[in-house]
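Student: Residues per chain are reported as follows:
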Amino acid sequence: MNRYRIIPRLFLPALWLAGCGQQTPTLHIFNWADYIKPALVERFEREHGCRVVIDTFESNESMYNKLKAGATGYDLIFPSSYMVELMAAQGMLRQLDHSLLPNLVHIDQAMMVYATDPLCTYSVPYMMSNAGIAYRADKLGTIEATWAVFDRADLKGRMTLLNDYRETIGAALKFLGYSLNTTNDAELAQARDVVIRWKKNIAKLESEQYKNGIASGEFLLVHGYNGDLMQVISENTNVVYVTPKEGVSISCDHMVIPATAREVKLAHAFINFMLDPQVAAENTAFVHFLCPNKTAYQYLSDELRNDPAIFLPQDILAKSEVIKYLGPADAKYRVMWDAIKAAE
Amino acid sequence: MKRSPLPLLTTLLVLVFFYLPIAVLVANSFNASRFGGTWEGFSLRWYSRLWHEREIWHAFRNTMLVATTATLVSTILGTSAAFALHRYHSRLQRFHYALIYTPLVIPEILMGMSLLLFFVALKIQLGLFTIFLAHVTFCISYVAMVVLARLQDFDFAIVEAAMDLGAGWWTTLWRVLVPLLAPGILAGALLAFTLSIDDFVISFFVAGPGSTTLPIRIYSMIKFGATPLINALSTILLVFTFLVVLLTHHLTREHHS
Amino acid sequence: MAPSRRTLHEILVTTPSFVWLSVLFCVPTLIVFAMTFKPADMYGGLGPGWTLETLRHLANPNYPAIIWRTIWLSAAATLISLVLSIPMAYYIARATPGLRNALLLLTIVPFWTNFLIRIFAWKILLHPEGFLKRALVAAGIIAPDTSLLYNPEAVLVVMVYTYLPFAILPIYAAAEKFDFHLLEAAMDLGASRLTAFRKVFLPGIRRGILTAFLMVFIPSLGSYVIPDVVGGPNSEMIGNKIAQRVFVDRNLPHASGLSAFLTLAVLVPLAVVWVVQKRTSGQPPTMQEVA
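Top to bottom, those sequences are chains C, Y and H.
Yeah, the first sequence ends on 344 if you go by the working numbering, and it's all consecutive.
Yeah, the second sequence ends on 257 if you go by the working numbering, and it's all consecutive.
Yeah, the third sequence ends on 291 if you go by the working numbering, and it's all consecutive.
Please note: incorrect hints may appear among the correct ones.
Coverage of chain C stretches by chain H, computed from C-beta distances (three or more under 8 angstroms per stretch; other residues unrestricted) [as the list claims (entries may be wrong)]:
#, region
1, 58-64
2, 155-166
3, 197-207
4, 215-221
5, 331-344
Just so you know, the hints here were simulated from the structure itself, not pulled from any lab data.
Since we're looking at a predicted model, the values are computed, not measured.
Beta carbons are placed, not taken as given, at the ideal position from N, Cα and C, and that holds for glycine.
Please take these sequences and the hints and turn them into a complete structure.
Tutor: Written as structure tokens, this is what we have:
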């Protein structure tokens with residue numbers, strides 16, 4: 001008879017596990033890694049009596065594909081501007097209710113030229129970033145801020161480029177003096193050859209491990225986002241971040257609510273919370289990206305306010321561009337990327 | 001007669017090959033240095049940090065939930081499949097055997113890919129439930145094979161004897177068959193449990209919002225570089241694995257003697 | 001037992017697993033094949049109608065390099081695994097019971113250890129500033145700027161590391177049943193040690209070797225995580241391309257086409273082994289030895 005009793009006992013752990021945490025409302029966020037100060041998330045949870053679950057994605061495309069593949073449970077997502085355009089065009093986003101977002105007044109209108117949705121119909125700008133170069137000054141000394149550095153054969157096997165076709169082809173286009181949104185075939189072909197040449201010198205096309213790689217000395221020079229690399233620098237002063245003189249890509253990540261969101265009110269509350277000037281300043285100090293929140297600037301430390309990696313110098317800003325959604329021409333970049341990856 | 005030293009040397013070489021990376025990993029989990037590489041003194045701080053990582057606990061809970069339920073279902077289905085394969089030799093069973101056998105040799109990425117397309121086509125919300133379905137699918141075959149191996153040295157005369165003595169079908173099943181085959185079924189269940197806890201590729205393809213399992217979490221930690229934390233987590237899992245293997249070994253040894 | 005009751009019972013125990021695997025294994029696999037013939041739309045969905053566009057795309061000049069790399073890395077990993085596991089299985093099979101148990105346990109522990117952790121351990125070991133690199137440089141074996149990670153060789157080493165237990169266990173299972181007196185008899189009859197090993201021992205454990213071949217070669221073909229973590233810009237394998245098509249390009253027909261190709265690539269060696277086995281023993285190889 002004992003054997004009959006064992007079966008329900010086997011079920012027990014499963015029931016216990018399933019029963020946890022189902023009463024409180026849960027906000028599901030889909031975001032880049034290390035992109036929000038955890039203490040702020042905890043504060044939001046306390047203030048709103050909810051749980052926040054954050055899943056991370058590694059690129060706009062992988063996020064988009066997860067959604068397309070049927071991941072419908074997210075309430076708040078942080079895509080870059082070109083992806084906001086694509087998602088809005090496909091009816092994947094919910095129109096924002098501005099009456100729930102009183103903190104919208106703090107947004108720095110001067111920065112809205114880089115946003116794709118200046119009226120914030122679908123999206124609210126969260127952070128602005130640029131993709132430049134970081135290197136180990138203790139091993140390499142001081143080097144010139146130029147994309148040409150990827151031609152240095154003496155750094156073979158110790159450098160990385162971003163595993164992102166728009167960023168890396170974009171860097172080659174900037175190096176050649178072209179627009180990183182070009183659809184001109186001749187310019188693109190030149191850029192392809194440059195990336196194939198660079199590929200011989202790099203260890204890896206890498207979008208995630210470069211942070212730890214440069215911190216641990218595995219890589220000596222990496223292509224990456226300013227905020228990510230500034231986080232590394234704050235812990236390891238041997239690392240230096242520079243923006244190449246030929247110009248860089250600027251991107252703006254936005255907070256959007258997908259059409260399929262369940263906790264719409266809570267998602268609005270979270271956006272409004274992140275727009276609070278003091279919260280925004282605290283978050284900026286943690287992630288080291290530029291939060292386009294005008295009222296928040298006064299709460300930033302002098303060091304952050306004067307950091308050229310966050311607030312780009314005018315001459316570089318003039319040569320820099322936002323990565324735009326190219327519509328059908330996007331396929332040209334994808335085909336090139338395949339050819340680059342296959343090249344020996 | 002003198003034996004060749006080659007087999008011994010190869011064995012030693014393979015063992016060093018097996019354990020050198022693991023030893024370095026375990027040693028590094030006690031390294032105070034944040035970035036690995038150089039030794040900066042003994043420290044347990046990564047273990048205490050690990051204790052406070054909420055995301056890991058969340059992932060651990062998901063993994064355990066999927067593993068327990070998937071093990072339970074796949075053990076039942078796999079055991080019954082093994083019975084069918086052992087007892088009957090019809091044309092249906094030849095089909096059945098091929099159906100059980102093929103998932104064992106199909107690369108994981110193919111199974112992940114095909115299940116993803118399947119769930120998308122049926123508009124099933126991706127999440128813990130789809131991970132559970134996927135895990136049961138690959139665990140059935142393993143359980144069936146393990147139980148089938150045990151059935152091979154099982155004498156069905158006992159079953160007939162029990163029935164001749166007047167025991168009903170149900171009584172025979174619970175009082176005779178299951179207890180006798182318990183070690184085999186348990187070994188199959190244990191294998192299913194381990195495979196479920198371990199699976200990354202298939203889970204990665206069919207995961208949805210909030211359904212991050214421990215291997216998916218470990219993968220993103222590897223990618224985003226929380227190195228010392230993974231070292232500590234790995235060491236804990238290694239100790240756990242070692243205990244499970246010892247336990248299984250013990251169980252099967254009992255069975256043999 | 002009456003035949004009808006017997007049939008009923010057979011259906012009862014067969015149906016659950018049969019239905020489950022038909023729905024969640026066969027149907028999805030067929031969907032993959034079918035999707036190869038659907039057109040892709042710009043937004044990562046599927047277009048209407050049917051097309052051979054994807055098949056034409058498989059002739060894309062970028063693919064042969066990746067396919068060739070996948071095959072040679074898998075073949076090399078299989079060969080190295082067999083070369084290492086045959087002498088080791090021989091040694092374990094001839095060891096005293098106590099030692100044999102200890103050795104088996106030591107082989108099973110890495111086999112049961114989390115797959116990602118095993119790969120990660122290699123990343124630590126081969127770190128450019130790690131102790132192994134420094135030791136090799138100090139010993140003058142490699143130059144200071146040689147990179148141990150992020151190349152096809154690193155992928156190969158980690159593949160062997162991952163799949164070696166899958167080779168040792170079935171070969172050991174076969175060797176355990178082998179009658180070692182045969183070896184001595186052969187040598188008494190004048191065969192050299194090597195000849196006896198080659199002509200008597202290897203055929204005796206043939207079944208184990210074939211199972212080991214499948215257990216290493218097939219999962220190697222589908223490798224995705226290993227080249228992703230320890231591979232470099234020139235270590236991409238078919239698995240990575242499938243993942244890229246699914247997660248980055250969102251081109252499901254292309255992903256399906258590659259998957260269908262890989263499925264066929266897996267089924268060919270499987271069928272060959274199956275036929276060979278059938279001629280010798282009448283039963284296909286199984287996983288029993290491993291579990």
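Student: Take the hints in turn and mark each one as holding or not.
Tutor: Results for each hint:
1. For the region 58-64 of chain C, the stated coverage by chain H holds: 4 residues have a C-beta nearer than 8 angstroms to a C-beta of that chain, and at least 3 were required.
2. Check result for the region 155-166 of chain C against chain H: holds, 3 residues qualifying (beta carbon to beta carbon below 8 angstroms, three or more required).
3. Residues of the region 197-207 of chain C lying with their CB closer than 8 angstroms to a CB of chain H number 5, which satisfies the three-residue condition for coverage.
4. Judged by the Cβ-Cβ criterion of 8 angstroms, the region 215-221 of chain C is covered by chain H as claimed, because 3 of its residues qualify and three suffice.
5. With 7 residues having a Cβ less than 8 angstroms from any Cβ of chain H, the region 331-344 of chain C passes the three-residue criterion, so the hint holds.
Hint check: no violations occur; every hint is consistent with the structure.
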